[in-house]
Amino acid sequence: MAEVKKYWKGLEELKENSPIMDNLRQNEFASEMPVEDFLGNGEMLAGAQTSRRDFLKYLGFSTAAAALAACEAPIVESIPYVVKPDSVLPGVPNYYATTYYDGHDFASILVKTREGRPIKVDANREAPFNGSANARVQAAALSLYDNSRLKAPLKDGAEVIWSDILLEVKNKVANSKSTVLLSNTIVSPTMSSAVQQFASEHPNFRHVSYDAFSLSGKLDAWQTLTGRRALPLYDISKVGLIVSIGADFLSDYNGQSMTSDYSKARELSKDMARHIQFESVMSLSGSNADKRVRVKPSEQSQVLLAIYNEIAKAKGEATLSSPNLDAKLMKDATETAKELLSAKSSVVFIGGNRKDDEVICFGINKLLGNIDSTVLANRRSRLRSGDDSALSQLIADMNSGKIEVILLDSVNPVYNVPGFADALAKVEYKVSIAERLDETSSLSQIVLPMNHGFESWTDALPADGVLTIGQPLIRPLFNTMQREEILLAVMGVSAKYYDYLKNFWTGSILTAGMGWNQAVHDGYYKAELTETESGEQSYELAEDISTQLSASAKGISSLKSGGTEIAFYQKASMGVGVLSNNPWLQEMPDPLTRASWDNYLTISASQAKELGLENYNTSNGSLNGSKVDLTVNGVSLQGVPVYIQPGQTYGSVGLAIGYGRTLAGKAGNNVGVNAFMLIKDGMHSAADVRIEKSAAEDHEFACVQLHHTMMGRDIVREISLDTFLNKPAKANGEGWNERTTFETYEGALTSSEANLWKDFDHKTGHFWNLSIDLTKCIGCGACVIACHAENNVPVVGKDEVRRSRDMHWLRIDRYFSSDMNEEVAHESNIGAIDMFNAMEEPSESPEVVFQPVMCQHCNHAPCETVCPVAATTHSAEGLNHMAYNRCIGTRYCANNCPYKVRRFNWFLYHDNQDQFDVNYAMNDDLGKMVLNPDVTVRSRGVMEKCSMCIQRIQYGKLEAKKEGRPVEDGEIQTACAQACDTGAIRFGDANDTKSEIAKLKKDDRMYHLLDEVGTQPSVFYQTKVRNKA
Amino acid sequence: MNHEKQGENLMRTSFIARSRSLLFIVLLALTPLVSMAFEVQGDAANGKAIFNANCASCHKLDKKLVGPALGDVTERRELDWLVAWIKDNAALRASGDADAKAIFNEYNGLVMAAFPQLSDQDINDILAYTVEGNKPKVVVNGGGNNSPDPNTAASGDSNLVVLISLSVFLILLIFLLVKVKNTLKAVKGDPTSTLLEDSNFWTRTILRSKSFIILASIFVSVFLLREAYYGMMGVGLNAHYQPVQPIAFSHKIHAGDNKVDCNYCHSSARFSKHSGIPSTNVCMNCHMYIDGSEIQTETGELKYNGEKSPEIAKIYNAIGWDPENRSYIPDYEEKPVKWVRIHNLPDLAYFNHAQHVSAGQVECQTCHGPIQEMEEVYQYSPLTMGWCINCHRETEVQVESNGYYAELHAKLKEKYGDEPITVEKIGGLECGKCHY
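Residue numbers (the numbering used here), protein chains in the order written: chain A, 1 to 1029; chain B, 10001 to 10436.
The following block holds chain B by itself, in its conformation from the complex (with noise of 0.2 Å):
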């Protein structure tokens, strides 16, 4: 409810920030020194990749991020004009030019960087890509909200309707076999049965066998029993485990799309027993240029209409973050946000990253399991301690690159010979080295 009311709010401002510059582009256009939008002649798809690559980090097509939103920038500025501030922007506010004095005041004197690489050309396809980008996109639905994907519903549904289509069909099957054995027995002259009088002989008979008897309830019981004994083997293992987190973050998008190193935000894993959830302060290294409102769903569409995103608004409002002014709200009171702890190994087991990252080179995915694909991440691994036995006795110590085995990896050597040094063989499987 509180995310509606929110949401809305948010439109309202931006649109009250539209229609400003709605004004302000009228006002500009009522201006004589000004000419109209100049045509561009570029490439918008290269544009778009110069775009993300140069401009993105502070610029928009449609809103305001650091420096102004460019959607309309032909529409406001000669191409000459752009070219040059583009290229240079100090030296064109040096020569004295009384709109890039402008804006940059506007700005607060905040300087944009000098992009003396690119062409003419680049800067062409780059406009274009800012007239293109910026044609209104139809909206076919409402958009914005977190409704399934139409398509596994449906596959969901379809099963059970050919399953049950396909019973019907099979029972139809049997009246019809029946039917027909009986017509041929009539035919024959022999007297006829009903699928009732069938199957009673059938069940009688093998009711009345003792084997069978036997080996079902042999079959049941080892059945029983498996499940029994899986059932109590299970007591307390969390595999799959997949709790809702307060916020919908997805390693698939970080990890997986945009390759974000796991270190970048598991920082203390290197260091620490703890792997370190990351505080918000290390989200915000990147959303604070990223609100989400670029994200799109399959189908190209907007995915929040162009409005931040409310999972990111979430960081916004742990760490007090105005979006609007771009600036840190004096005074917040800092609202943590509360993880839900995926991975409990219990209080007795000792579990350091920074000896298995670290020291052992291990993977995140060892133990974590695909997460660069998980959208919602569960725990991959059963966390048992029949796994960390048997990795241990798996795996290699890095002995060859790490000095600490220097010496020890020596004396190995002579007494294991060419066996493959694994943790077993320093002491990996002793209780105390986990268990203190």
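One chain only, chain A, in its complex shape (with noise of 0.2 Å):
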């Protein structure tokens, strides 16, 4: 073997695996300076034998260490295939269609691979049900690489070898008295036919699925009323009217993503669908209401109630008996009912999981005649089917030891069904499907990994007449199984899931015209809608409902109503905790709270006050709050933080579940309190409840937004849908989008034309802009985590995030109305100091605005004019470069920015695992896999922000070119444009006239923000537009 010539190293660079090079590696500082040792004690220094050598000689050491550091220039390996597949091409992504589904998301979704490496997930737009991605699901591409996950079959805790672990459980399951499989809603076809098969096979099997956030009571109405026990899908895309009672349809309903049909039946014109919420907790929804209106948990059933009353009355239906309803609420439910009346279309969405409720909804919506137009009650989500009184007989016969064998699939009861760790203890053979050792699966003898989805073989059958498919994108990272296959060895199957799956597919669904590899390359098969599968309940909408309706009034008439109610809810970035150990998500800051790292009990302000609570500002900024002892259902939780949060009705408080883990992994553990343990009965909310102010020290939050309202600037520009139809945008200074003049010399100018600068050619070649629909934003945050994964953007942790430095280049900033405004004042006569302190105080229910900001992209950059070194430039396509190796870091641009959307690496964010661990997309080899190859990972002390995905413009030019042909509008997204599910975030060439990024940035609606600062921002917003009645 030839040798191989070594240039400019260091000599310990010639050993492999040498401890001192991997040691420098490993550590930002060269060594450990045992600074505290001789400083900390001032009673040792004083007697402390430490001389002058000593001290050299740490000087010597550290600076030898250093300088060892420096002289690196290894020996770069390139290591080419040995034989290439034909498809990947190094440097050039692949994108494969996929499904995802983990138990509570499921989504048909497009990955981007490179090198055979899933870094990014995008939606299937293509695919007809939720071709839609979540901020949950584009985080899904982290879960995948996350060293916490199992990496071999264990046995009370040791190692075993799959074949042997696989045959002793088939024979414990083939010989036992009764096996219980519990899991989720199963949604793939081919694994229920399995398990039903096995079922009827084997009398002593049973299956049980529940899901985390039980629909069950709403799954029961649904039986009662249409035979069938599913919920239905909804089509609002071309709805008038929705009316949402409680429920956070914009985040979870029935599995179905309703994101994108909402946004359609929002398109500004005189059909504007005008959107009404009933709640207590602030949701996402509620947010977004046209007229929100806040009730208690049990007020809403009772609001509900009094909404049928109306519509029957107008209808000459019988009417039922009905609770007395507060004045107030009496008159918004009649008010509500009569807009239900004159709709053209409507819907009526109630939240929570009581049967009753359910019943009545359905009533409502079919006097309206919703049925079958906008609720599809024939067309079945099958995402949620699970069963509550089969999860509580399971308990009770665990509990009784009726149970021998218990099957987990990836199932976490002991985190999120109460009561269910002590009947476990009771079962003698547990065995768990787990992605990681949490809070089940530690508790079982035998644990059996499974592949992540992204490694598995999967199908599914989400809703009635959609099937999907999906495939692996990378061979599995460990020793693990697909799920699947694991459960089929168990139940004496042995087979390759991939082959079983496409029997199954090839003999029972792909009957007429598409083939398998035409069904695996879309993701996605559109079956024909079949009338009743074999086996299946048949459908029958109930005629005559009268008795389910009195019924259900009794029900509800007989409710209990407490003097404080909780209701709990899902987070946009937690849901119900699947994910916990994902940092992307955990430092998500929270839609409306924009706390991040947390979960919290939010109360109103005026109740908050009462019991002696507060939220403050510490004098770096940061947010505290009090914390109480909590107590529902008589089961206690110690310290929970309190949040006050604006909007939230009084006499109540909002929990979010999916936190409080204590064994998902370094990112999810001990992030706040289990909710999951004070529900009752798969309630959504409960009436029972006792806060005590703690004794404990304040909590801290890390929260990233301090200022909650806009104090009278009109950074969000917002006008009813009344003067957008009727007035005009500009008519001399008096029209709704006027731009601020300065009175100069020349007379009245706008701030581009008072122009102290020399303009940019931005005639000639490309101009990119984005468009921010203000309208159309619901706040989702899917778009915070597309550019986290798309740009390698640092996650810093709760305690860097509490100190405002979090990194995010993509904010969505929250606004709440005040009822202070400049009219009232002058009406009441206070004074402009008085003013402006009213003006921070938001309104106990106020309006809700979200705005995304990210770099500007400024023609006239304010941070460009400040950079000493020239690190940020101004580019000839209209973008604000930033070249980070020139960054000196003296945050003169940041300080400069009106926008503040500059982030500075105050640490060495990556291959620093003593400091953020938690970040471990850049501390961790195989986190490491899920950065984007084309986007340099940033160094301590350099300035970041928003590129507008560079890499994606340069590459979208160069594949035309490459093609000789011009840009086409729409090829070229950023990473956050294709993200929105709503279509909020467009992306374009402004220069080509027929993009629909120049017609946008034509429209009346458009504003520059702070545009009277004369930045010329090429980030523009469209006024938001409210549906007032």
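I should point out that these hints are in silico values taken from the structure, not numbers from a laboratory.
Treat the hints with care, since some could be wrong.
Going by beta-carbon spacing under 7 Å, a handful of chain A positions derived as facing chain B [claimed, not checked]:
| id | residue |
| --- | --- |
| 1 | P80 |
| 2 | V82 |
| 3 | G621 |
| 4 | Q951 |
Example chain A residues on the side facing chain B (calculated, C-beta under 7 Å, incomplete) [to be verified]:
| id | residue |
| --- | --- |
| 5 | K680 |
| 6 | K730 |
| 7 | T873 |
Think about it this way: if two alpha-carbon atoms lie no more than 25 Å apart in a straight line, the pair counts; the simulated DSS-like pairs of lysine-lysine are [as the list claims (entries may be wrong)]:
| id | chain 1 | residue 1 | chain 2 | residue 2 |
| --- | --- | --- | --- | --- |
| 8 | A | K426 | A | K402 |
| 9 | A | K170 | A | K155 |
| 10 | A | K928 | A | K666 |
| 11 | A | K758 | B | K10338 |
| 12 | A | K994 | B | K10411 |
| 13 | A | K763 | B | K10413 |
| 14 | B | K10411 | A | K1002 |
| 15 | A | K344 | A | K366 |
| 16 | A | K962 | B | K10411 |
| 17 | B | K10411 | A | K999 |
| 18 | A | K84 | B | K10087 |
| 19 | A | K291 | A | K727 |
| 20 | A | K331 | A | K666 |
| 21 | A | K957 | B | K10415 |
Keep in mind it's a predicted model, so treat the numbers as computed, not measured.
Just so you know, even glycine gets a beta-carbon here, dropped at the ideal spot from N, CA and C.
Each of the two chains sits in its own frame; use the hints to bring them together as a complex.
Here it is, written out as structure tokens:
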């Protein structure tokens, strides 16, 4: 073997696995400096023996070590494939259509892979159902590279061989007197038929499914109404009026993603859908409503009943007995009923999980003729089918020792079902099919690690008429098996799941036309709607439901209400907590509270005052809040932090589920409290609540927004639909979207006319612009995570977020309206200072606006002029460039940025395990596989900011050049625009006159953020239009 | 060490193979039906050309390749039979010829292409070449080892000898001239001075001269500063970096002598940011047939004694090719070749080959230098930002030939008139084009 010449290296580099070099690579500081040791203790220091010589030794060593670290010029090896797969071209991404289902979220997605590594999740917009990816689905790419996943099958904590352990479990199941398979809703038609078949052959086997956030009550209601235990699909794309009572249908209602339909229904025209929301906790849906009424959870049912009665009265139907409703609420209910009656088409949603509510809600929709138009009763969503009564029966059986073997199929009931842990202890033989050693699998003797979804073949029947296929995107990273294959093996079928799945599909599904390869390629298959599949309940819409209605009305009347009630809700970032160990999601600020890394008790300001609870900012601006001891249904949680939430109904509190994991992994452990333990009978709210101020120290929040109102500025411009339709945008200063002018000697000039600077030439070549429609933005945060994934944005952890050092390139500012404005101040003779003080206070029942803010790419950028080293410069294509390696970290640019979008790397966030362990996308060899290889990972001491996904722009231009054609409109998308389900964010070349963005730029609603500053941004906003009555 | 052993093994197997074919020939000779070698009338030189163009991909003279070795074919077959076989072997087999069928079956029904275009004289020429080409070559030295070229080694030594003798001569001359001077002085009656005294005088005079010292110090300090400046500027610059690669791959042979298109191996350069180091299966496209045994030294001897090249053997070792059985070894654990990367741009700079090769139509040599002349590749360009920027300032964009620029070109023309449209003018100097 020829000797390889090596250049420019330290001696240590010669040795393989040299601990010194490893150490130098791993640690930011070359060696531990024992400063604490000899400066920490003054007394010891006085009598210390450390001589000058010792000091010089330390000094000498550290200098030498630093020098050694600096002379690194390693040999870089380039190792090509031996046999290159045809489809892989290093440096060019491949996209695969697949299916994502984690027991809660379901989406048809496209996954971008680079050199065989999945790095980015996008929505599969062509898919007929849930072709959208919310923040959690977007973040799933990172969870694939989670090093805390299980890496081999375990028995009693020791690693075992797959074949042995599968055989053992198989035999055990075959011979046991009673075996139970506990799973989430199984959406795979292949697997559900396999499980059904096995159950029919084995009388000792039973399958129980449950949903973490139960919808069992609603399912029961639908069973009585249609004969089928399934929630319907909804079509709100053309609806005229949406009335939601406590339902956060934009986040999670029946598993169906309704965001893009919502956006379609709310296209600006005289037919724009109106949205009325009654709710207790401020939800994503509620914050987007045109009218929002605060009610307590128990009042939701009463409002629903009141609306029913109003409509029944108008339609000449029998009314139902109803409890007395507060006069104000009665008025709102009556008004809503009137609107429903006059609306061309409408839909009514009811939140929670109460059977009675669902029946009444159905009654309303039926009276309004919504069944089969907006409420597709005959088209089932099959994503939620959990049965709580079966689950309670199971727990009872387990407690009485009737269950011999339990198979826990990727569920975590110890975490999310109260009382399950005790019952589980009484089962003799526990087998967990799990992704990690979580709360449940750690209590099982046998743990069978399963593949991540991106390593598996899957299929799904998420809704009637839609079938999807999921293909693996990478070979299993660890010694894990496909979840379905494990189950099949346990049930005695030894087959590769791919073959089994393909057989099932070619045999039972792909009967006409479409081939298997095409179905895998597309990721979905549109099946004919069959009436009823064999073995399933037949659909029979109940004609006369008066008995059910009156029974439900009676049920509602007898509902207990409490002085203070609690509602449990899901946060947009965490859902039910499946992806707890995903630092991107943990750090994603909640759309409404803007707090990250936490859940908390939301409470109204007036009730907080009564209870002596407070939120306050510390001297560095970070938020602190009181803690309370919370008792719900007799279960107590100590030290729950309190967040004062504008819009929270007085007499109600809210608590997000999905937090308080103890064995999720380093990012998810011990974040927040576990609200699941307070849930009783699967109800999403409870009336039996006791709140006491805790003696514990105040809680430290990591909240990224300190000011909650716009304080009289027009940061977000908002008008009513009536104004939009009937009044001019520009009318000599009288329109609703006028530009600010300045009086000069040349007359009144706008900021771009009264201009000191030389203008850039933006007529030649591209001019990349971004439009953000504030009417369409619902604040869901999918763009934030998409940006994280695309641009290698670091996660900094709770402590740093608290210090306002979050690194998000894209933030979604949320503003509450205030009761105070200039008119009110004028009328009631309030002085300017008092007025501004009052403006800072959000209203108790505020209107909410969301505003995504990223670098505005100013064409007269304040940051560019102050950079002493020209690290941030302007491009001819309208972008504000940031050259990281030129940056010396003066932070002048951030200080001079009127939009506060620049982010400074205060620390080394990558390769710095000591300090930023949770940021495993950058500190763990496995986690690093998720990084986008086209984007630099920034180092300590440099500024960074939104680049408008310049890597995508460059890539798109190059593709066009390679093909010798101009760039087509829509071909290049920024990550945020691509992730946006509602189409609020639009990107394109404004110099392409035919492009959508060029039209948007000329739109009446277009305005620039802080236009009066004269920055001339390439990003612009579209005025929010609220459909006020 | 390993390689030597491997070589030994290979030699042994080929010896066995040869002794087998010898036995085969002896057996053939004993068969009365087959006559002994016929006299071949043909032009061996022309034959070699035809052979290389038509036959060499499947046949060798001394060794079985896809088809049988042809070195001794004239001793085995009749001329008429050979002509018939070469022109259309399928017809010959169809005619029921036993030998033709036998050889067809021996090679598992592998069909040889028909060559109806070859004239009888061509075939005679080829056969003449098989006889000529197969005559054993006189091997002067052992060969096979990579001993350095003796000429280049000698030239280094001889320069030193010349320099030393020259300096000895000059020193002698000084002594001689001093002697002559002293003799002349002595003749004239002047006092003589020794060489030492002379030099002392001059040294003293010079060292006492203030202006000399000032000049000298200025000179020295300027020199040192210059060295320091270039030394500092050179930190991190790796131009001429020429690491030893795991396989002594010669771009000169491939791209230079044999004119293989760069894109054949570096195929992704047109499509991707990476030029792509060819995967081993690309090497095998050619090296399945070329095992290096025909490589000759400058003196025309076989470099590896007719054995396969140890460097090419490394490819076989990586991918698991068995050259003896001419097949891939089943379930072979592939051993990827660990090339040493020569051009290392820092992570902070984004470079895309496709942009330059496909869109820019830039020749590979513009940045990589005369790669077709490099036995061992080195980094030709400094890869500094100044170097990039300079090229972007000077290079004209291929606006005419690319539809992407159609509209842009019209606008640029309006803006710049007849000035050339350089990369700079379309934003090629902007930071964000390469740094993101």
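A quick look at each hint next to the structure:
At about 4 Å, the closest approach between the beta carbon of A:P80 and any beta carbon in chain B falls short of 7 Å, and the interface hint on this residue holds. With its C-beta approaching chain B no nearer than about 4 Å, A:V82 sits inside the 7 Å limit, and its interface hint holds. Evaluation of the A:G621 hint against chain B yields a violated restraint, the C-beta minimum of about 31 Å exceeding 7 Å. Proximity of A:Q951 to chain B holds as hinted, the smallest CB-CB distance being about 6 Å (cut-off 7 Å).
With a cut of 7 Å, the hint placing A:K680 at the interface with chain B is violated, because the nearest CB-to-CB distance is about 53 Å. Residue-level restraint check for A:K730 is violated (minimum Cβ-Cβ distance to chain B is 30 Å; threshold 7 Å). Because the beta carbon of A:T873 sits about 5 Å from the nearest beta carbon in chain B, less than 7 Å, this interface hint is met. Proximity of A:K426 to A:K402 is assessed by CA-CA distance (about 9 Å); at most 25 Å being required, the pair is judged to hold.
Distance restraint check for A:K170 and A:K155: the Cα-Cα separation of roughly 14 Å lies within the 25 Å cut-off, and the hinted pair is therefore satisfied. This hinted pair checks out: A:K928 and A:K666 have alpha carbons roughly 16 Å apart, not beyond 25 Å. At most 25 Å may separate the alpha-carbon atoms for a hinted pair to count; A:K758 and B:K10338 exceed this at roughly 53 Å. Distance check on the hinted pair: A:K994 and B:K10411 sit about 17 Å apart at the alpha-carbon level, within 25 Å; holds.
Between A:K763 and B:K10413, the direct Cα distance comes to roughly 13 Å. Compliance with the 25 Å bound is thereby established for this hinted pair. Taken as a hint, the B:K10411 and A:K1002 pair is honoured in the structure, with Cα atoms around 22 Å apart against an allowance of 25 Å. For the proposed pair A:K344 and A:K366, the alpha carbon gap of about 14 Å is at most 25 Å, so the pair holds. In summary, the hint linking A:K962 to B:K10411 is supported, as the alpha carbons are separated by about 21 Å, within the 25 Å threshold.
Of the pairs offered as hints, the one joining B:K10411 and A:K999 holds, with about 22 Å between alpha carbons and a cut-off of 25 Å not exceeded. Between A:K84 and B:K10087 the alpha-carbon distance is near 39 Å, which puts this suggested pair outside the 25 Å criterion. A distance of roughly 22 Å separates the Cα atoms of A:K291 and A:K727; the hinted pair therefore holds under the 25 Å criterion. Under the criterion of a C-alpha separation no larger than 25 Å, the hint pairing A:K331 with A:K666 is inconsistent with the structure, at around 50 Å.
Distance restraint check for A:K957 and B:K10415: the Cα-Cα separation of roughly 22 Å lies within the 25 Å cut-off, and the hinted pair is therefore satisfied.
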